[in-house]
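*Asks:* Protein chains in written order, with the working numbering: chain A, 1 to 301; chain B, 1001 to 1301.
Be aware that a few hints might be false.
[Unchecked claim] Cut-off 16 Å, straight-line C-alpha distance, at most; resulting in silico cross-link-like pairs (EDC-like, lysine to aspartate or glutamate):
#1 B/K1103 with B/D1091
#2 B/K1149 with A/D147
#3 A/K149 with B/D1147
#4 B/K1028 with B/E1055
#5 B/K1028 with B/E1039
#6 A/K263 with A/E243
Treat the hints as calculated values from the structure; they're not laboratory data. Fair warning: this is a prediction, and the values are worked out from it, not measured in the lab.
Read off the chains here:
2 protein chains.
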Amino acid sequence: MYHIGVDLGGTNIAAGIVDSTGKILAKKSVLFVMRHNHEELAEDIVNLCKDLVVETSISLEIISSIGIGVPGVVSPKNGMVMLAGNLGVEDMPISHLVGQVLKIPVFIENDANCAALAEATFGAASGSRNSITITLGTGVGGGIIIDGKIYSGAFFGAGEMHQVIRGGGVLCQCGRQGCWEAYASAGGLVRELRQLGVTDKTTAKDIFDAAHSGDILAQQAVDAYTENLCIGLGNLVNILQPEICVIGGGISGQGQGFIDSIKNRMPRMVLGVNRDTKYAIAALGNDAGIIGAAMLGISSE
Amino acid sequence: MYHIGVDLGGTNIAAGIVDSTGKILAKKSVLFVMRHNHEELAEDIVNLCKDLVVETSISLEIISSIGIGVPGVVSPKNGMVMLAGNLGVEDMPISHLVGQVLKIPVFIENDANCAALAEATFGAASGSRNSITITLGTGVGGGIIIDGKIYSGAFFGAGEMHQVIRGGGVLCQCGRQGCWEAYASAGGLVRELRQLGVTDKTTAKDIFDAAHSGDILAQQAVDAYTENLCIGLGNLVNILQPEICVIGGGISGQGQGFIDSIKNRMPRMVLGVNRDTKYAIAALGNDAGIIGAAMLGISSE
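For reference, chain A alone in the conformation it holds in the complex:
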């Protein structure tokens, strides 16, 4: 049997047919369109799934589940999206709306939790029981895996990595001053360089590239960025002591040099007892969302 994983994003809706070993057999995506009602959004997802099976000649009958990763707060138990601000969605019975058309069981989860589950099972954290996957991009996302399963907390909202690391510091979009996201997101790196008087580099990639080319100020900004990133990682490791922390998202594309500079800093950031935790770059890239969503059905079997 196969599973469809849907990665619902504010820019694209991507879907893939995934087998039980986490391999994507086919994938397809469409632009996300802000919809006036829940039925229209559900229809977009349904049509994407139908197109995917038609194009791959895989019969819907051998698809045993659909999983949807949602950038927001969901209730997996009720199949409800409680709040997904970037999608303009609130209180949407997404599993019901998609499932009633396709006649296939639908599972939902937060998208960062899906990525963490995929990395923990088939990616950089495979073989571990307890892991954290952090996604560094426009924001800082995260998912916690405990005993091989997504830890979603008491009300399905755990793993929000909004933690204050510099009380009284830079204001985060979450409303708190000194929050990790304001430092460890791409915008945090751009701000570090701006504070050094450089305003012509406006993306994280530009700044990393300049640092690699020997630009001293860009190197200083990357250093300050990485230090703050590691302070927050250290907090997570001291609290949760995972076997491994996986770093994903656009910024993780900086590769081995970046992960090495994290590894060098971490012994100083954590208690002695927590120095056995490992650090690795995410292995599944953008596919983690689709694979993790598809796994929601696999792991419920």
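Assemble the complex: chain A is given as a structure, and chain B must be docked to it using the hints.
*Replies:* Positioned in the frame of chain A, the structure of chain B alone reads:
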């Protein structure tokens, strides 16, 4: 059947006979004496247990387990104390040494984890599946309960609440600047008042008492202390989203006014999705350590 819980501390060793409902039938304590070898420390524990059963006329034969809470890093699986700095103990096979004399199964855990387990089962967090218990005293301790069980991380060291909340700030004994313990411990409160120029109050209790009596500077210090306490609590709640946070330790003796000032601050400290987490003062006081240690055997039945 009954269970003995031992709360091994750097000042006292306390032990109690506990029934399966968490009730302490009898308790006894002796001074902790720094010992040269593991056998002597084990003997102190064995003698305390023996005295306890003799004095209460409860036969050792109806004691089905002994649990020991240790202020340090332990390996529950191997019955080893890996490191307990305050006791001067390293790599001690404590379960074996105590068990071979008393011929009763011995279980061990970190003491803060024991207290968290006790509060989660019979105390302020009873009825919850996921909770955090924070102990505010000379240091800041903590235990995480997930699905009714102690979460001990990958290498038995989870729940160390050393998290940086003010990067570059006050140096903590853990070696990191701006660590929560340096602000939320009793010493953190004393320092807040000292920074306001007041040096004649050297305990947290004195400062809380003065604040209650209308001393403006003491009130300012308590305010700054509580704000920092809540920043760290907010981080924990955003990451773990427990149903309830229990506040224990000496400072929690400040009672309802203190917990009310925490509750008032917390909505501002956490994301909207995490505002359903509750806050409560620990219910079991100093007995939590004994009860939680005794439960190690109960929960293994």
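*Asks:* Next step is simple, just say for each hint if it's right about the structure.
*Replies:* Here's how the hints hold up against the structure:
no.	hint	result
1	B/K1103 with B/D1091	22 Å, violated
2	B/K1149 with A/D147	12 Å, holds
3	A/K149 with B/D1147	12 Å, holds
4	B/K1028 with B/E1055	9 Å, holds
5	B/K1028 with B/E1039	21 Å, violated
6	A/K263 with A/E243	14 Å, holds
Taken one by one, the earlier hints fail for this structure at numbers 1, 5, listed in ascending order.
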